[in-house]
Amino acid sequence: MADILTPGGSVVVLSALFACSPSPPCAEGYGRLASGVCVALDDGSAPDVAAPDETGASVDTSPPTDGGSAVDTSPPTAFELGDPLTTLGTDGRYDQGSSENPWGAICHLTDAEVIDAEYGLAVCDVGVAVIGLGDGQYVTSATVAYQVSRLAYDASTRTAWLATRDAGLYPVDLSDPTAPVSGAQVVLPDHEDVAADAGRVLLAARGEGVLLLDGHGAQVSSVGATEALAVALEDDTALVVDGEELILYRLDQAFEELDRVDLGSKGRDLDLQGDRVAVALGGAGAAVYSIDGGSLVYDGDVPTPGPSYGVALDGDHLLASGWYATVLAWIGDGEPRVLGHEDAVQWSMGVGALDGRVLVADWFYSAALQIEPGLAGPEIVVEEGIWVVEGEESVAVTFENAGIFDLEVSVGSPAGGSSSPDALTVAPGSAEAVVVTLPDGFANQTSLTWTSDDPDEPEGELRIDKGSQTLGTEHVDFELLGYTPPSTLMSSYALADYRGQVVFLAYFSVT
Amino acid sequence: MDVYADDEDVVTFWVAPHDDVSIGGDFLVAAGVDTTCLLDDMSNVYNSYAPSETGMVWAPFPMQVVIDRDGIITYLANEADPAAVIEAIEAAR
Chain A
263 MADILTPGGS VVVLSALFAC SPSPPCAEGY GRLASGVCVA LDDGSAPDVA APDETGASVD
323 TSPPTDGGSA VDTSPPTAFE LGDPLTTLGT DGRYDQGSSE NPWGAICHLT DAEVIDAEYG
383 LAVCDVGVAV IGLGDGQYVT SATVAYQVSR LAYDASTRTA WLATRDAGLY PVDLSDPTAP
443 VSGAQVVLPD HEDVAADAGR VLLAARGEGV LLLDGHGAQV SSVGATEALA VALEDDTALV
503 VDGEELILYR LDQAFEELDR VDLGSKGRDL DLQGDRVAVA LGGAGAAVYS IDGGSLVYDG
563 DVPTPGPSYG VALDGDHLLA SGWYATVLAW IGDGEPRVLG HEDAVQWSMG VGALDGRVLV
623 ADWFYSAALQ IEPGLAGPEI VVEEGIWVVE GEESVAVTFE NAGIFDLEVS VGSPAGGSSS
683 PDALTVAPGS AEAVVVTLPD GFANQTSLTW TSDDPDEPEG ELRIDKGSQT LGTEHVDFEL
743 LGYTPPSTLM SSYALADYRG QVVFLAYFSV T
Chain B
176 MDVYADDEDV VTFWVAPHDD VSIGGDFLVA AGVDTTCLLD DMSNVYNSYA PSETGMVWAP
236 FPMQVVIDRD GIITYLANEA DPAAVIEAIE AAR
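Chain order of the listed sequences is A and B.
Anchor point for the first sequence: position 143 equals 405 in the working numbering, and the numbering is continuous, going up by one each time.
Anchor point for the second sequence: position 31 equals 206 in the working numbering, and the numbering is continuous, going up by one each time.
In isolation and in its complexed conformation, chain A is listed as follows:
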């Protein structure tokens, strides 16, 4: 995985069609109960509050949740159809061009924490922003150093620890979240992650191992590691991702290894609550483990639509950043079950959660979300754009259901073409393909529309473009201007000039 988190890209553009509201309309064929829950109707008549619905889901006649107070996250007896994760507000001032940017410079939000019922924190390149959880809006900020990438919050000391990768740690006093006070830099080895609890700090220092620090940043002890990438700490339990291994320690003053397991991929973030562990695995999504008698027990995977760099546990819920969306999963009864996704505004990179309130570090945006307990949906996962090569007359489009209810999809046809089937039912955890026949003489771009009963994605558009090159084909010639840092003088570079040499192209994006 690249050290540089550069998701950028115009290929995937989040359409306004995916926008959602805190109270989406019930899908066709469903009616809303007095409690606010959507339930299936048998003949299109008003829903019967007393009777179970046709889907077999139990009817919830409890009073609606009070959105202004702490959310009830007690275990549901069953899930009902509805939108389980809703957006309360977003704030996109962190782009360099925004007049409201608190730093006047590009700031990529990459990690987040929720510190209490009112406020959350999100870090970016130059510091930390305090964000209101009711509306996702910026409140205030503290500036520390370049390339702050990770964050840990110690509730017992009300201190945030900002990790910079190569410029040490910075403590920030949040006794008053509206007036954060930055502390002095703590010089430490290069590192990838930080965790904090009860006045202690744990640092994932790559090949330097894992360091245990006191509340002032002084080293207490350490343990070796090949590539310490992520850490979590709660009481005397510590977890470390070392490359592709997850290691469980009992941690008093010294590290006592209890167990280790193979993750199958490099871990990028960790969260620990009680006996539950969540690991962000980059392109492999997220995974959940339990701690049982000093051993790590694998509970299951949580697929994410894009690479996962952040996870947060909130009671029996797991939040996982998934690049294109933030994923909500239920882990209350062992194996994780995806309840739904909430589309990112830009790129869901990091996430924090507490008592049903969620804060997403969404690249140039902060997003405040809320868990709607007891609700779940079908969750449609489909590409926004696909490429076909010259000569292809048809292409298969896959519709996946990442939720726990059946997904009903109607598929339109591109102009002059066709789609078969044009209606499908996708079972939870499954995927079905639609064959799209392209119109005669298809030149470069077309599209089709679809509708679904996903509570917050009732419709969408899929773009089909023609691409001209892939593995095994000759790379099209190009001539582009370029510069060689630190100089910014431009010269012209043509691929044809390098015939006879091996050429390596590394595409990247900062914005």
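Check the hints yourself; a few may be wrong.
Straight-line alpha carbon distances no greater than 20 Å define the calculated DMTMM-like cross-link-like pairs of lysine to aspartate or glutamate that follow [to be verified]: (1) A:K528 <-> B:E254; (2) A:K528 <-> A:D514; (3) A:K528 <-> A:E507; (4) A:K528 <-> B:D256; (5) A:K728 <-> B:D215; (6) A:K528 <-> A:E470.
Label pairs and their computed distance ranges (CB to CB) [to be verified]: (7) A:D378 <-> B:I247: 20 to 26 Å; (8) B:V178 <-> A:P690: 44 to 50 Å; (9) B:E254 <-> A:N706: 53 to 59 Å.
Which chain A residues stay away from chain B? Per the calculated CB distances, all over 12 Å, these [as the list claims (entries may be wrong)]: (10) S360; (11) S361; (12) S444; (13) D739; (14) T750; (15) G762.
FYI, nobody ran anything at the bench for these hints, they're computed from the structure.
Cβ atoms here follow ideal geometry from the backbone N, Cα and C, with glycine treated the same way.
For chain A, the structure is supplied; the task is to place chain B on it using the hints.
Positioned in the frame of chain A, the structure of chain B alone reads:
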């Protein structure tokens, strides 16, 4: 990139489909990079890669391409895997 800095048989480029020199250049300088960066400012080259036979799409970033001496694409990936890139470059010599 540094591995092949003095290799006459291999040429390496960063390619920026979205960022102009003021943004990309600052970023590369801050990262200590001195490899040439090409500006694909219309994203024409970036958008020209079709999916593989297995349907894999090369997006969004990072996207990495190795082209052999005859101009044939021999490596195309959407994740940063230095070992795989080096293997592909060596195989393409």
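Exercise. Given the proposed pairing of K528 of chain A with D514 of chain A, does the C-alpha separation stay at or below 20 Å?
Worked result: Judged against 20 Å, a Cα distance of about 27 Å means the pair is violated.
Exercise. Would you say D739 of chain A is clear of chain B, with no C-beta pair closer than or equal to 12 Å?
Worked result: The assertion about D739 of chain A is violated, with a minimum of 8 Å to chain B.
Problem set entry | Status of S360 of chain A, Cβ more than 12 Å from any chain B Cβ | Given a closest Cβ separation of 15 Å, the condition holds.
For this session: Using the Cβ atoms, figure out if V178 of chain B sits within 44 to 50 Å of P690 of chain A.
Result: Holds: the Cβ-Cβ distance is about 46 Å, inside 44 to 50 Å.
For this session: Taking the shortest Cβ-to-Cβ distance between S444 of chain A and chain B, state whether it exceeds 12 Å.
Result: Holds, since 22 Å exceeds 12 Å.
Exercise. If you draw a straight line from the CA of K728 of chain A to the CA of D215 of chain B, is it 20 Å or shorter?
Worked result: Holds, at roughly 19 Å.
For this session: Take a quick look at S361 of chain A and tell me if its Cβ sits farther than 12 Å from every Cβ on chain B, holds or violated.
Result: 18 Å, holds
Exercise. Is the Cβ of T750 of chain A farther than 12 Å from every Cβ of chain B?
Worked result: The assertion about T750 of chain A is violated, with a minimum of 5 Å to chain B.
Problem set entry | Pairwise beta carbon distance, D378 of chain A to I247 of chain B, judged against the given window 20 to 26 Å | 58 Å, violated
Exercise. Going straight from one Cα to the other, do K528 of chain A and E254 of chain B come out at no more than 20 Å?
Worked result: Distance ~13 Å between K528 of chain A and E254 of chain B Cα, so the pair holds.
For this session: Assess, step by step, whether the Cα of K528 of chain A is no farther than 20 Å from the Cα of E507 of chain A, and give holds or violated.
Result: 7 Å, holds
Problem set entry | Straight-line alpha-carbon gap K528 of chain A to E470 of chain A, limit 20 Å | Holds: K528 of chain A and E470 of chain A sit about 17 Å apart, inside 20 Å.
The earlier numbered hints that this structure contradicts are 2, 7, 9, 13, 14, 15.
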